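Assemble the whole structure, with the sequences as input and the hints as a guide.
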Amino acid sequence: MNELLRRLLFLPPQGTSLAREVDYLHYSVVLSTMAGSAVVAATAMWFAVRYRRRSPTTAGESEVAEAAPRLSYGFELAAILGLLALFVGWWVVGFRQFVKLETPPLDALTIQVVAKQWMWTFAYPSGAASNAVLYVPASRAVKLVLTSRDVIHSFYVPAFRIKQDAVPGQSTSIWFEAEQPGTYPVYCAEYCGTDHSTMRAQVVVLPSEDFARRLERLPPLDIPAADGFGSGPLVRSRSDGTSLARLGEGVAARHGCLRCHTLDGTPHVGPTWARLYQSDVALEDGTSVRADESYLTESMMDPRVKVRRGFAAVMPTYQGVLDAAEVGALVELIRSLRDFREAPSTTPLAPAGAPSVIPLPRSPLPQLRSPGDSSP
Amino acid sequence: MTTSSVQPPSHAANPAIRDYLHEGTSIRSWLLTRDHKRISLMFLVATSLSLLLGGIFALLVRVELLTPERTIMDAVTYNRLFTLHGIVMVFMFMIPAIPTVFGNFLLPIMIGAKDVAFPRLNLASFYVYALGAAITLTAMIAGGADMGWTFYTPYSTTSPSAVAPVGLGVFVLGLSSIMTGLNFIVTTHTLRARNLTWHKLPLFVWSIYATSIIQVLATPVLGMSLLLVAVDHAWGLGIFDPRLGGDPLLFQHLFWFYSHPAVYIMVLPAMAVISEVVCTFAHRAPASYRAIAYSSLGIAFVGFLTWGHHMFVSGMSLLDTGIFGVLSMFVAIFSAIKVVTWVATLRRGSIRLTTPLIYFFAFLFLFVFGGMTGVAVATSSLDLHWHDTYFVVAHFHFIMVGGTLTAYLAALHYWFPKMFGRMYSERWGTVASITVFTGFFFTFMPQFLLGNAGMPRRYYSYPPEYQWLNVLSTAGASVLAAGMLLTVGYLAVALFRGERAGANPWDSRSYEWLTTSPPPQHNFEEQPSMDRGPYDFHLPRLV
Numbered sequence: 001m002n003e004l005l006r007r008l009l010f011l012p013p014q015g016t017s018l019a020r021e022v023d024y025l026h027y028s029v030v031l032s033t034m035a036g037s038a039v040v041a042a043t044a045m046w047f048a049v050r051y052r053r054r055s056p057t058t059a060g061e062s063e064v065a066e067a068a069p070r071l072s073y074g075f076e077l078a079a080i081l082g083l084l085a086l087f088v089g090w091w092v093v094g095f096r097q098f099v100k101l102e103t104p105p106l107d108a109l110t111i112q113v114v115a116k117q118w119m120w121t122f123a124y125p126s127g128a129a130s131n132a133v134l135y136v137p138a139s140r141a142v143k144l145v146l147t148s149r150d151v152i153h154s155f156y157v158p159a160f161r162i163k164q165d166a167v168p169g170q171s172t173s174i175w176f177e178a179e180q181p182g183t184y185p186v187y188c189a190e191y192c193g194t195d196h197s198t199m200r201a202q203v204v205v206l207p208s209e210d211f212a213r214r215l216e217r218l219p220p221l222d223i224p225a226a227d228g229f230g231s232g233p234l235v236r237s238r239s240d241g242t243s244l245a246r247l248g249e250g251v252a253a254r255h256g257c258l259r260c261h262t263l264d265g266t267p268h269v270g271p272t273w274a275r276l277y278q279s280d281v282a283l284e285d286g287t288s289v290r291a292d293e294s295y296l297t298e299s300m301m302d303p304r305v306k307v308r309r310g311f312a313a314v315m316p317t318y319q320g321v322l323d324a325a326e327v328g329a330l331v332e333l334i335r336s337l338r339d340f341r342e343a344p345s346t347t348p349l350a351p352a353g354a355p356s357v358i359p360l361p362r363s364p365l366p367q368l369r370s371p372g373d374s375s376p
Numbered sequence: 001m002t003t004s005s006v007q008p009p010s011h012a013a014n015p016a017i018r019d020y021l022h023e024g025t026s027i028r029s030w031l032l033t034r035d036h037k038r039i040s041l042m043f044l045v046a047t048s049l050s051l052l053l054g055g056i057f058a059l060l061v062r063v064e065l066l067t068p069e070r071t072i073m074d075a076v077t078y079n080r081l082f083t084l085h086g087i088v089m090v091f092m093f094m095i096p097a098i099p100t101v102f103g104n105f106l107l108p109i110m111i112g113a114k115d116v117a118f119p120r121l122n123l124a125s126f127y128v129y130a131l132g133a134a135i136t137l138t139a140m141i142a143g144g145a146d147m148g149w150t151f152y153t154p155y156s157t158t159s160p161s162a163v164a165p166v167g168l169g170v171f172v173l174g175l176s177s178i179m180t181g182l183n184f185i186v187t188t189h190t191l192r193a194r195n196l197t198w199h200k201l202p203l204f205v206w207s208i209y210a211t212s213i214i215q216v217l218a219t220p221v222l223g224m225s226l227l228l229v230a231v232d233h234a235w236g237l238g239i240f241d242p243r244l245g246g247d248p249l250l251f252q253h254l255f256w257f258y259s260h261p262a263v264y265i266m267v268l269p270a271m272a273v274i275s276e277v278v279c280t281f282a283h284r285a286p287a288s289y290r291a292i293a294y295s296s297l298g299i300a301f302v303g304f305l306t307w308g309h310h311m312f313v314s315g316m317s318l319l320d321t322g323i324f325g326v327l328s329m330f331v332a333i334f335s336a337i338k339v340v341t342w343v344a345t346l347r348r349g350s351i352r353l354t355t356p357l358i359y360f361f362a363f364l365f366l367f368v369f370g371g372m373t374g375v376a377v378a379t380s381s382l383d384l385h386w387h388d389t390y391f392v393v394a395h396f397h398f399i400m401v402g403g404t405l406t407a408y409l410a411a412l413h414y415w416f417p418k419m420f421g422r423m424y425s426e427r428w429g430t431v432a433s434i435t436v437f438t439g440f441f442f443t444f445m446p447q448f449l450l451g452n453a454g455m456p457r458r459y460y461s462y463p464p465e466y467q468w469l470n471v472l473s474t475a476g477a478s479v480l481a482a483g484m485l486l487t488v489g490y491l492a493v494a495l496f497r498g499e500r501a502g503a504n505p506w507d508s509r510s511y512e513w514l515t516t517s518p519p520p521q522h523n524f525e526e527q528p529s530m531d532r533g534p535y536d537f538h539l540p541r542l543v
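Line by line, the protein sequences give chains A and B.
The first sequence begins at 1 in the working numbering and counts up one residue at a time.
The second sequence begins at 1 in the working numbering and counts up one residue at a time.
Everything labelled a hint here was simulated from the structure, so no lab data went into it.
Check each hint, because a few of them may be wrong.
[Unchecked claim] Partner residues are not named here, just some residues of chain A that face chain B (Cβ under 10 Å, in silico):
| no. | residue |
| --- | --- |
| 1 | VAL22 |
| 2 | THR43 |
| 3 | ARG53 |
| 4 | THR103 |
| 5 | ASP107 |
| 6 | ALA159 |
| 7 | ARG200 |
| 8 | VAL204 |
| 9 | PRO207 |
| 10 | THR266 |
| 11 | PRO267 |
| 12 | VAL269 |
| 13 | GLY270 |
| 14 | THR272 |
All values derive from a computational prediction rather than experimental measurement.
Think of the CB as a built atom: it goes at the ideal place given N, C-alpha and C, for glycine as much as any other residue.
Set out below in structure tokens:
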């Protein structure tokens, strides 16, 4: 039945179990729509035949005796309330599914997705990267953290029934768990310019052993050179299996992040990055926020919006200084420090808040500014 | 003409009074007229030209989509064309058409007034419209705007094309829209004839009034947003540009705060027409006058609170998604109230099947289908799949073309005798209306399926498996175009050769039929009595 309806409605294959669940709601909504519009139009046309004017020449007062047709208000009320119940029912089911589709499991494999005109780049925690082909393991939750280097794009996999905009300067996420190995098309769904329609990619779902082998053969992420977003040449492709988090350390060093933030839990000018990811952060205004990808990105781009309690609002914005791939690498670095344990001897980097070992930031220096300072 | 004790106004009775078409025939008497009926005809010509242009652009887009890769143009031209199609159709046809043409012509007559409250402002709104249309078209064609009618930032603010002049053009068009809306609100409040209370107004007036409220309240937000985009684009102010600390999603919120209510600016006038057509040809009062009248206001109000359902995949919070989702369900209910009431009005009527009523049946099917697919895309989990695909394209064309254009055609046929004093050919009308419906159905039904299959909108090239549905859609569009041309043809003939229409050829009870066809310059030779209601079909006709 599922397969028959899916084909009748031209839906793509169901690549995930959630896609199948969404399709059941789809059938219910679309079939009701067809039935509803057909019944309404047919009723009106039947009335037009049943109550047609019999003698056109004498049209006038004689045929209609009542001042107004008596509408059965009970009937109308029942129809409207029934419809409202149906709509609200769809909303309840749809919203519950939406929450599921938007909430990745905590143990999901996280992949950074960077969109630009007109290409998709996927960066793995191992530091490997791939253009236009997203390799993922079957039967494992995969979380995509998306951002864009230029305009808004939208990551769309019809077979998974998921779509998420990639917004420049922000980070958004979506997840899926593919059931079977296979290849599924990816489209850019948000209009992004001349070659919008050829900004396509593929999701290649592999058995997990094949995935691991494939990942080893991928080249490391090439953090791009200056392209108007302001970053200089950074960590070039290295062949020593550099992880994305490791690339993030380089980014943090170059941009002077480590002059204020530490990686080992020591307090400094700014909050430490150790155990920060997914923790609840108390803010100056008394509220709190979960330190997820979008909070971390926002704090880089617009640091004064959510200032952590106990810290001065002195961080400058890195909007235009960090490029999208660098942001991805920093987020990955912070993510990798989530379960940080106090064991300085095994941590190869960042002695507690020691600026001396940090390479000098490249010019122009992202200067620390006080909130009142408006100089560029 | 049926005799009755009440004196029917007629030319025969007073040959000295000329109708508005013959009250001065010089070019100047048209261009500088303050007569709302002449301004309405000038708008009819202008918006029809816009419809023709937008239709040509649409056909070019459909021809390009016949093959998966290049057919007749390159990607850059294609992107410009769909932008042209969208902006011309939305801002130059759909939004102004019914209010400026039929609202202008009928609103004063329906309330027993000689003209609108501000006749000069009315004329000015026409020239502002013409100016806006000229700026927009020149800028788009000369400057190659390719950002789509939605102007999404930061693409629009960084695109090298002429975004600022196009924004200015649409801004000016919006000004015209505000002027018309303001005029109608004041007219409805101040110029109603004696004894004509709100609950005796024809339903057309209620709906046009609700539309005007949205126009006046929402259009300034669009103007402001477009101004900010233009400033951003020209001087790099960075309000919506993330590189300068701006927020691109802010633009989407502002844009949809106008553009979702704008959907109701397009649909409420259509509902205004439908209410009149149904009552006249069913020959009975609406099943519930108040249900239809108040639901217009309900739509106008709740329509302001649903804009976020355009942004479910933008990264908006879950809470916002939930709230906008459920509010969208409520706005659909007001439309459902109207649909149920219209159908109930037909029951036990004395129904005369004419071209406007055929358009009503087309409207009913397309509007219910389009409306329920609107509820479908507002269902958040389903929207993840459908957002920005052809499903959405098909959905809003069902509402805009299936709803508004069919109602526009119904209005054109229904009031044609009043406006020009002639009857059109009912036989050709039937043929054309069925052709238009068939063409429409085959243009957009395949697009729902394309969307289900996952084809995103605004795609110049597409995977080959989507081709046959695209070919079917283009074939449908050709039939639709043929139906439209046929309509232009027989209406043009009717203009000169049509049978003379009497004052009230449809045997209606509404006030606009109390005067002659076409009406004299000041609408009524003598102030009509409006003691009766506009749907008193149980009483003998006056005219």
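Cut-off 10 Å, beta-carbon criterion: hint that ALA159(A) touches chain B: Holds - the Cβ of ALA159(A) comes within 10 Å of chain B, reaching about 8 Å at its closest.
Given ARG53(A) as an interface hint, is its Cβ closer than 10 Å to any Cβ of chain B? holds, 5 Å
Have a go at the VAL204(A) hint: is there a Cβ in chain B nearer than 10 Å to its own Cβ? Violated: closest Cβ of chain B sits about 17 Å from VAL204(A), beyond 10 Å.
Supplied contact hint for THR272(A), tested at 10 Å Cβ to chain B: Hint on THR272(A): violated, closest Cβ of chain B at ~26 Å, above 10 Å.
Just to be careful: measuring from the Cβ of VAL269(A) to every Cβ in chain B, is the smallest value less than 10 Å? violated, 22 Å
Would the stated hint for ASP107(A) survive a check requiring a Cβ distance to chain B of less than 10 Å? violated, 21 Å
THR266(A) as chain B interface residue, shortest Cβ-Cβ below 10 Å: The hint is violated - THR266(A) has no Cβ within 10 Å of chain B, the shortest such distance being about 31 Å.
Would you settle whether the hint for THR103(A) is holds or violated, based on the nearest Cβ-Cβ distance to chain B being less than 10 Å? At 8 Å from the nearest chain B Cβ, THR103(A) passes the 10 Å test, so the hint holds.
Hint status (Cβ of PRO207(A) to nearest Cβ of chain B, threshold 10 Å): violated, 25 Å
Minimum Cβ distance from GLY270(A) to chain B below 10 Å? violated, 20 Å
Using Cβ atoms only, decide whether PRO267(A) comes closer than 10 Å to chain B, and label the hint accordingly. Status violated, d = 28 Å.
Can we keep the ARG200(A) interface hint, with Cβ of chain B closer than 10 Å? With a minimum Cβ separation of about 8 Å from chain B (threshold 10 Å), the hint on ARG200(A) holds.
Violation of the numbered hints given earlier is confined to hints 5, 8, 9, 10, 11, 12, 13 and 14; the remaining hints are satisfied by the structure.
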